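Protein chains in written order, with our numbering: chain A, 1 to 347; chain B, 1 to 295.
Keep in mind the hints are simulated off the structure, nothing from the lab. Being a predicted model, the structure only gives us computed values, none of them experimental. Where hints are given, some of them may not hold.
[To be verified] Just the calculated beta-carbon pair ranges, DEER-fashion:
1) A:F197 with B:A252: 43 to 49 Å
2) B:A277 with A:L35: 53 to 59 Å
3) A:D203 with B:K210: 29 to 35 Å
4) A:A31 with B:G69: 48 to 54 Å
5) A:A330 with B:E280: 52 to 58 Å
[Stated by the list, open to error] With a cut-off of at most 25 Å between alpha-carbon atoms, the simulated DSS-like pairs for lysine-lysine come out as follows:
6) A:K306 with A:K107
7) A:K111 with B:K239
8) A:K164 with A:K246
9) A:K89 with B:K210
10) B:K239 with A:K66
[Unchecked claim] Computed, partial: chain B to chain A, Cβ under 8 Å:
11) P80
12) E87
13) T91
14) D98
15) R105
16) I114
17) T116
18) A117
19) D119
20) G120
21) N127
22) A238
23) Y291
24) F293
25) G294
We put the beta carbon where it would ideally sit given N, CA and C, even for glycine.
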Amino acid sequence: MKSFLKGLIDIKNWKKRTKTTWVIVLIIIAACIVLSFLKPSEADMKSMASKEMQEMIKADEGSSRKRVTITYNSLIIVNYCSFSTSGAKEITERYVGFVGRAFQADKGFGKFAGQMVNYTYRMLGCGENILHGAKLTLFLTTASTLIGVILGTLLALGKISKNKILSKACSAYIFFFRGTPLMIQLFVIYYTLPAVFGYAWRDLFNAADNQAVYKGAFIAALIAYGLNSGAYCAEIVRAAIQSIEKGQHEAAKALGLSYSQTMRLIIIPQSVRRMVPPICNEFIMMLKDASLVFAISLMDITTISKNIMTSEISYIVFLPALVIYLIITAFFTWIFNAIEKKFSLYE
Amino acid sequence: MKRLTRVISILGAVAMSASVLAGCGKTSTEPAAQTGSAESAEVAEAVSETVEAAAEAYDLSNVKLMSDGVLSVGCEVGYPPFEDFAEDGTTPIGFDVDIITEVARRLGLEVNIINTAWDGIFAGIDNNYDLVCSACTITAERQESMAFSTPYISNYQAVILKAGDTTEIKSFNDLDGMTVAVQKETTSDELISDYKSTGTIDVEIVANEKVLSCFTQLDNGEVDAVCVDSTVADGYLAKNPDKYIYAFKDEAEAEMFGIAMGLNNTALKEAVDWALAGMEADGFIEETRNYWFGQ
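With the rest of the complex left out, here is chain B:
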């Protein structure tokens, strides 16, 4: 997925490892919070039967949040169709926004989306917000420093051509001799660079800051093809059905997107997983997916 390696900038690493240290420092306050919640759990148990029957509310007494009753969400608003500002410039909209708002609603929480830069976004967990829901790929490397929810959408690498282009692309090997635009430091970038550096194919790579630039270059005839996340491609194609065509989707290798949380925050992870399971079961996730990415 997008910007997979951006985090591995030195600063990001310093900040993140340091934030883990800061997390350790905070443990001293936890026992107090837990004993307090144990008492309230008893009270909650008494009422829980009636509440559960009414609206299957989740017992949030163990969940520690930045501010009471509010789920603070870190999100890099500016990656449509996952997250983006509506035309009024203040309302965040998008697939991730719908998902996290529904998660919060099912847990009986308010949602506060905090727009943040991608660089250092994970360093903000437990400092600036409770969790990050911003099209994050679940990787083994990231799982060492943070906890992920169950995946809520899967993504593939895709190749997009200009409408009318009849070049047949059955695998990435068919990109041989072409000029391909990718978004800088994304999985797509890594993948195509791998093909090039190993000498598998001879391809010219144009790495851009924004996905939009890749598509503009394709429009203008600067490049022959664009390699992007299939989810992002779906969004662009649904909006411009007569401008681009899907040439290839690498379905052999799926990437999973999850919601990232602090490693110590297991209670929150359980709560989010509970909400996601419910949303998967009653078709909310599928419906939202179709709404944002087309059928």
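Looking at chain A on its own, in the form it has when it is part of the complex:
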């Protein structure tokens, strides 16, 4: 850490490429900080509503039925505020705040910019708990891949073990979870199992909790995705282990190591490097399969974008969705590449 900081100060000795990257990143961060201070405040944005709209908002206050929805989204450097009424005759006023000013955004580029901010905000799940949008996708994918890798390693060791029963059981598990669609596994775990055994996923949480249903669904999704990912990872791990040359086993035996020592100290560390690329693949597949959670009432990036498409009658919502997916994929590809590099030191 200390040497890293020292290197940071000693700019002259930086490698050229790292230096430019850092400078660009720092400039962008600085610009974002400045711009985020300059954008109009929430109160300013909300006071932009026209006179008629103000009257309607006032009328809402005394009523049991709210007619006007006030949306306020703040995304680092820009913010977006809209006032929309419901019903057959819909009135919407939109404003985008940027560099100290609030612009009316009812048509043209302003409208486009406003929509982008609003859609991105909603798809990222900002201002909501972890069971929404990109947060849900990321959490579910990372957690289920982790479960998958651990479970997969155990299953792979089971499958190649000399114990016939264990080996057959692991093979059966892998066969079952690879041979049936994830969607149906999700349905079975969420709907069929509780019905057969007489429990409800929401009972895991407090009945008074408004979010209990979603939390229950998330637990079910995590189990389904984890079990499914385990089967795929098992095959990846098995292939990687079996690709290590026989000579390694023989050498370990000659040194007097036991089976578990051979695996733990020699074979698995070497096979990790070969596992990383296919596991990265599996991760990215999971990331996209996460959209299947729409079937059990959860809203991930894809579900939210489809929802926006229906309600706003607009197809441009898919642009920010693509960008969000690409950014997530790029970030994790980078991480997996780094892991691969770390483990290929001796090859």
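We have chain A; now place chain B onto it with these hints.
Same frame as chain A, but now just chain B:
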């Protein structure tokens, strides 16, 4: 109405029949709850006179809910104008939302709308929520496995054309030779498919996942007409009065929408029916209908 047959997927059937079984298992706890409520009913009776005079409150002591004081509502948010998210992405709005919120208000309950997928929505009754209010058509088949409230809106099948199209359509037979877009697995889909499979008319059917796709195809000239629920058509036409025209509405056959509840939950059904009757009587339902579907 929409997605009439979607439920008949094997999984839906398995889950639903199983949820009935689960319901049977739960009966053991009911007697205890009832004796408890009988005591409280006596207490409630004493106060009821004064309360009734004040705000005609409904006696909820027999009604069993998932969580106390909260009406949990299953709803597939994403079917405007019945239910949809407002622009903030979290507030559900729509005709059904207004109706169920008012029902809950009249019963003195809070409302908690649980967004859920249409597939398997009825399997969630009594597991995830107390009732389903999501533009559900009352059908004889569904009535075997669940109880419906009194209907709160009726719906017809309608044909929509692009504005400026002067084709006269007096019945579905006039769709002969046209390409018609419908939403997949809805009553509209079944109806037009029936006309086609029986050889009554020669029609090309384009079945889409979303109603919006049907209207977009009509805009782009991919199809000649759209066949949808009249209620949904009303919503689209009110928002785009100069883009589409109403060509035909089959008023001979009405479909009724109701709120779906568990078969055993008669106390809840009575309470909901009581609230709906009051809303019908004082014009709340009509006013809301005009607000969402135009005059």
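Hints versus structure:
| no. | hint | result |
| --- | --- | --- |
| 1 | A:F197 with B:A252: 43 to 49 Å | holds, 47 Å |
| 2 | B:A277 with A:L35: 53 to 59 Å | holds, 57 Å |
| 3 | A:D203 with B:K210: 29 to 35 Å | holds, 34 Å |
| 4 | A:A31 with B:G69: 48 to 54 Å | holds, 50 Å |
| 5 | A:A330 with B:E280: 52 to 58 Å | holds, 57 Å |
| 6 | A:K306 with A:K107 | holds, 23 Å |
| 7 | A:K111 with B:K239 | holds, 18 Å |
| 8 | A:K164 with A:K246 | holds, 21 Å |
| 9 | A:K89 with B:K210 | holds, 22 Å |
| 10 | B:K239 with A:K66 | holds, 20 Å |
| 11 | P80 | holds, 6 Å |
| 12 | E87 | holds, 5 Å |
| 13 | T91 | holds, 6 Å |
| 14 | D98 | holds, 6 Å |
| 15 | R105 | holds, 6 Å |
| 16 | I114 | holds, 5 Å |
| 17 | T116 | holds, 4 Å |
| 18 | A117 | holds, 5 Å |
| 19 | D119 | holds, 6 Å |
| 20 | G120 | holds, 6 Å |
| 21 | N127 | holds, 5 Å |
| 22 | A238 | holds, 4 Å |
| 23 | Y291 | holds, 5 Å |
| 24 | F293 | holds, 6 Å |
| 25 | G294 | holds, 4 Å |
Checked against the numbered hints given earlier, this structure breaks none of them.
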